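A.B. asks: One line per chain: the protein sequences are A and B, in this order. Adding 136 to a residue's 1-based position in the first sequence gives its number in our numbering. Adding 11 to a residue's 1-based position in the second sequence gives its number in our numbering.
I should point out that these hints are in silico values taken from the structure, not numbers from a laboratory. Note that the coordinates shown come from a computational prediction; the quantities given were computed from them, not determined experimentally.
A short, non-exhaustive set of chain A residues, derived as facing chain B with CB atoms under 10 Å:
no.	residue
1	255
2	399
3	416
Covered stretches of chain B, going by a simulated chain A footprint (3 or more residues, C-beta under 8 Å):
no.	segment
4	49–57
5	285–296
6	299–312
Below, simulated SDA-like cross-link-like pairs (lysine to any residue); rule was C-alpha separation at most 25 Å, straight line:
no.	chain 1	residue 1	chain 2	residue 2
7	A	420	B	105
8	A	560	A	529
9	A	462	A	426
10	A	533	A	422
11	A	234	B	261
12	B	312	A	232
13	A	475	A	496
14	B	105	A	427
15	B	110	A	413
16	B	110	A	307
17	B	110	A	360
18	A	234	B	218
19	A	234	B	255
20	A	472	A	452
21	A	234	B	214
22	B	309	A	222
23	A	234	B	295
24	B	110	A	411
25	B	110	A	235
26	B	309	A	232
27	B	110	A	324
28	B	110	A	365
29	B	110	A	418
30	B	105	A	416
31	B	105	A	418
32	A	234	B	200
33	B	309	A	223
34	B	110	A	406
35	B	110	A	417
36	B	110	A	422
37	B	105	A	426
38	A	234	B	104
39	A	560	A	525
Using N, Cα and C, we set each Cβ at its ideal position, and we do this for glycine too.
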Amino acid sequence: MSLLASVVDLLIPGSGSGKAILAAVLLGAGCGLLGCFVVLRRVALMGDAVSHAVLPGVVAGLIYSSERSPGVIFLFAALAGLLGAGLVRLMMVSTRLKSDAALGIVLATFFAFGIMWQSRNQQDTVGVMNFLFGNIGSIDASDLRMMLMTTLMLVVTMFFLRRPLLMMSFDEGFSRGLGYPVRVLNGVFYFLLTFSVVVALQAVGVVLVSAMLITPAAAAYLLTDRFERMMLLSVLFGVASGITGGLVSAEVNGLPTGPVIALCATALFGIIYLLAPRHGVLSKVMRTIRRRMRVRRENMLKAIYQIHEGEGFAHEEVSVLMLARKRGQTEENVIKDCKALLNRGFIEMAEDGVSLHLSRLGWKRAMEIVRNHRLWELYLTNEADYAEDHVHEDAEKIEHILEPGIVRLLEQHLNFPELDPHGKPIPQPSHLVAQPPVSI
Amino acid sequence: MRLLEYITLPWDVLGVGALWLVLMAFFVALPCSQMGSFLILRRMALTGDAISHSVFPGVVIAFYITGDLASPWLIVGAGLAGLFSTVLIELIHKWTRVKQDAATGISFTALFALGVVLMEMLLGRNVDLDLECVLHGRLGLLLEEDRSLFLGLQVPTPVIVMAGVAAFTMVLLGLFCRVMTLSSFDTDLAASYGYRPAVIHYSMMFVVSFVVVAAFQAVGAILVIALLILPGAAAYLCTYRLKPMLILAALHALISAFGGLYLHVWFNSNMAASVVVCGGVLFLLAWLLGPVDGVLWKWLKDEHSELEEISDEVVND
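Only chain A is shown next, with the shape it has when bound in the complex:
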């Protein structure tokens, strides 16, 4: 143990800013790792409850350790947190109260007890504000040694238990079926959670530790689908916001560290929320807009096809006016839509500028859409017992989504039909080369 302690001492930097940075790294590592499980298991508010519940322990540590040794404070804080988590569990199994009420009761009562005790012993608990709202500058070498060892313990335990813990986060019943000791693992999880809260205490403070548990992990969750990467990113975000917050709060006089770190983490989350490549809001909006535009183009192609069909494929060209009437749009809008089709090479405009005809590509796509629509209508009437006049709306939606594979299955299933339920022919895009519906 003393060997470990001396090795740990080698890692502790001498300068003040070095200490603050190491503290931020430890804070990010501890909270980031546990935070991933907290976010996946949907127990974010449990993190909040445990973090508030450690306050009486901190106060006890401040009062009962004469030279305020970090070891004693850590121990008492962890005990209080574990007691809080245990009480939540006990309350949920032994009463009708739901988890939200149990969490709220433990959170508030423990916190109040801590405040009451502290207010009674003000001269012994001068530094309590550092633990409530965080002060990364107040962390000294002995605090760091304690934080380092606790984080080391956390990381090692997590490394060995990552598979069962991960399994449990997704499906508790399944992991019980696999023979994992779920009860014990749950206990271990809350144990680790409490220790990660305790590590973060002096840097962030009781009130906002839960931000460090939730926000970096949630940001990481938006960036990746792989758990290892999520853990890595979450730790990275925690460290980054810890360092930035520490530096900013050191610049401004009297600003507690915790809120600044929490705000940094939130800003990071905000950026990722907007810009994440797959799960970000902007990319989602872009995807929606692109899909809407595609549906619009495809509906236009369909309208052109239907006009041709209505004329028995007698004319080569369709006028903008006819399209506008068919689509129920103004001519300007139709021309705008036609531009989009033109850009994609689906249509060619005639020289007069008011009529157009489908290109080969356009014919193919238009026939596909109409085929999808009519096949689906037929499928619904034949196989799903829909009334003939109820199938159109459904087909309007699905025609844009059906993939070639599914279309082939549908055709096979319906025995390569030629007419839809309303008696209209189902076009065959694959026959386009052999027998074009109109000579181009």
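Using the hints, position chain B against chain A.
C.D. replies: Same frame as chain A, now just chain B:
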């Protein structure tokens, strides 16, 4: 003789001030206990937590502008901040795969952090609103506040204001009790009677925000959660019926106010925290001895039924 001294101690030390403290604590706890009971029934206990944290920046900004802690603008600011947090939560969990609990956690910690930073930057070392106040509330400072003449008595002004808030909430509750009961137990049935769930939800959230802001100055941002949840939860463990639950919750508020005063004087501790700790002890009693859900009765009944089983076996043999 010693015991009697303990009991009369607050009144000897504080005189009529003890009465004001108890009244103030009760007027703060009463509306919280009633709204909190409905939060418990709707399984929204932690919404109280989220609201009490997230209204903070609104209070700070409104206080910065008006410079008066009793200004009604504080409630407007708090209401806006509370609304903003609801919007944030929706934005996060509707648009991404982050779940509701994490979304709630992110928004309310962020808003609370913003509140603290704004407070330090805008207000600096202000005596009326500082970190101490956020944690401890100003309940203990009650006897140093301004006084106004009421019914020929020199009453501390906050007591009168808070009495108004409590009365207003109780009247509101009396008017809408049936609607709230119905929608708390069966939202669909309430909707079929024409009470829109969204309207009820948001009006309730508004009243909760109002109560929280009013209680905020007295007990601080975090202890408010206890005043919201503890009475309702304790009452919930004692009865299956709503009216008795509301009455018991009010009783819990009253006893906590009294008990808080005694703890405050006996231990020379912070008054707001003492009220909450007393409420916590009452909850513990309800948990152990509550007539409906008391752990002790359940345990005794289990023992009893085991004995019965054994005696049955003996008889059958």
